[in-house]
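Each chain, written out:
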Amino acid sequence: AAAAAPSLKNAALLRPGVLQATRIFHTGQPNLAPVPPLPEHGGKVRFGLLPEEFFQFLYPKTGVTGPYVLGTGLILRLLSKEIYAITPETFSVISTIGFLVYIVKKHGASVGEFADKLNEQKIAQLEEVKQASIKQIQDAIDMEKSQQALVQKRHYLFDVQRNNIAMALEVTYREQLHRVYREVKNRLDYHISVQNYDASEGTRAHDKLGGEACGAEHLCTAGEGNSRQVHCRSKAARKEGSSSASYVNTSIPIKTARNS
Amino acid sequence: MNENLFTSFITPVILGLPLVTLIVLFPSLLFPTSNRLVSNRFVTLQQWMLQLVSKQMMSIHNSKGQTWTLMLMSLILFIGSTNLLGLLPHSFTPTTQLSMNLGMAIPLWAGAVITGLRNKTKASLAHFLPQGTPTPLIPMLVIIETISLFIQPMALAVRLTANITAGHLLIHLIGGATLALMSISTTTALITFTILILLTILEFAVAMIQAYVFTLLVSLYLHDNT
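Chains as they are written, first to last, in UniProt numbering: chain A, 1 to 260; chain B, 1 to 226.
Take these hints with a grain of salt, some might be off.
[To be verified] Pair by pair, the computed Cβ-Cβ distance ranges are:
1. Val13(B) with Phe55(A): 53 to 61 Å
2. Glu53(A) with Leu52(B): 34 to 42 Å
3. His90(B) with Glu128(A): 44 to 52 Å
4. Ile75(A) with Ala155(B): 17 to 25 Å
Treat the hints as calculated values from the structure; they're not laboratory data.
Beta carbons: idealized from backbone N, C-alpha and C, even for Gly.
Could you put together the complete structure from these sequences and hints?
Quick look at the structure:
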């Protein structure tokens, strides 16, 4: 049994695990000798003592009543020759055996069913544990599957988030662009109003501000890195225009990098 | 067959060999062990019954008393099965012999008492004096309690012997009466036979009850002493 165990295990008188090893669970036959398996129901008997085969054995020669006649003859012989004597014990035999037979006939089946029910309850209890465990695992599997399905749909969420962020960035960009536009327009309006003032007041004031107009041109071309092209009017063109037409002739084509 | 009334109580000996050993050992064959979860009906019923009895009887004890479970359960099974087997015709009941019952009662009682004296000396000696006795009565009461203590094993053994023996004798006598009355007046014989049937039922009950009582008392002595 524990033959393969080395060193310390072999040292004791009775090796550990020997007694348990002889109790092998379901690996092979329950008996060591080659006994045939037991039948489910025992042989049929009459009166609880005489096998049916005896009656079948006597049937060809003596018919149905044969065994009964034989039995009656035997009993009468026993009694008449006092091989079996009637004693006080006979009556106790009759009462005891009669009582036992009565009890068995009346309650035998129900006791058997009770025993079967006990076994069934035992098995049902264990079965319930097994089923509960299986159900638990099944529920876990289903939940896992539904979680996985949910994960598949997550990209919608990410798209929406991405779109939101893009929109927010776009809005910020346009806001800034608009602010730049307003600032530039502000400056240009200032220059135009200065021009108008010069035109109305005289050339001396205009020469003073000439340097600052050049400065405004430098401001406009600074934004070329982002490919915003703001074409400012040249000094010469500004001199030609009148105050009212200057708004209309200011052209600021704006291109945005992201939507191109 | 049987010469007098008491032949059924003679210890069976065959050719000088004691058959009584086999008779005493026989009931153990009727309680097979099974290692299976689901056994046959016989074993299932026995296991169920044993579980019921052990739960009912051993739940009152503490953990020290519950070490006696095996002893008490085998005791009740042995006494019950020997009594019931003795009701079969022409059988010998070992529990009708006072010697055997004394052999069961004295060691068990002594074991319980000595356990109590060893482990809880003061408490077990305190059993000699019931609570709330008036002071002048104390010496007499201690003597009475001592006598009652020492009578316990005798009472156990004699109770079992007397009950079973008396039952067997009664069955024999009433059977004899029925036999004698058969030739005189059949009706009276039938009445007597009815009495015999009732007595048989009683004897079955007594057989089991006596086993129960014996074991219960031993467990009570144990409870007092653990």
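Going down the list of hints, with the structure as the test:
1. Val13(B) with Phe55(A): 53 to 61 Å: 40 Å, violated
2. Glu53(A) with Leu52(B): 34 to 42 Å: Once the Cβ atoms are compared, 40 Å apart, the range 34 to 42 Å for Leu52(B) and Glu53(A) holds.
3. His90(B) with Glu128(A): 44 to 52 Å: 51 Å, holds
4. Ile75(A) with Ala155(B): 17 to 25 Å: 47 Å, violated
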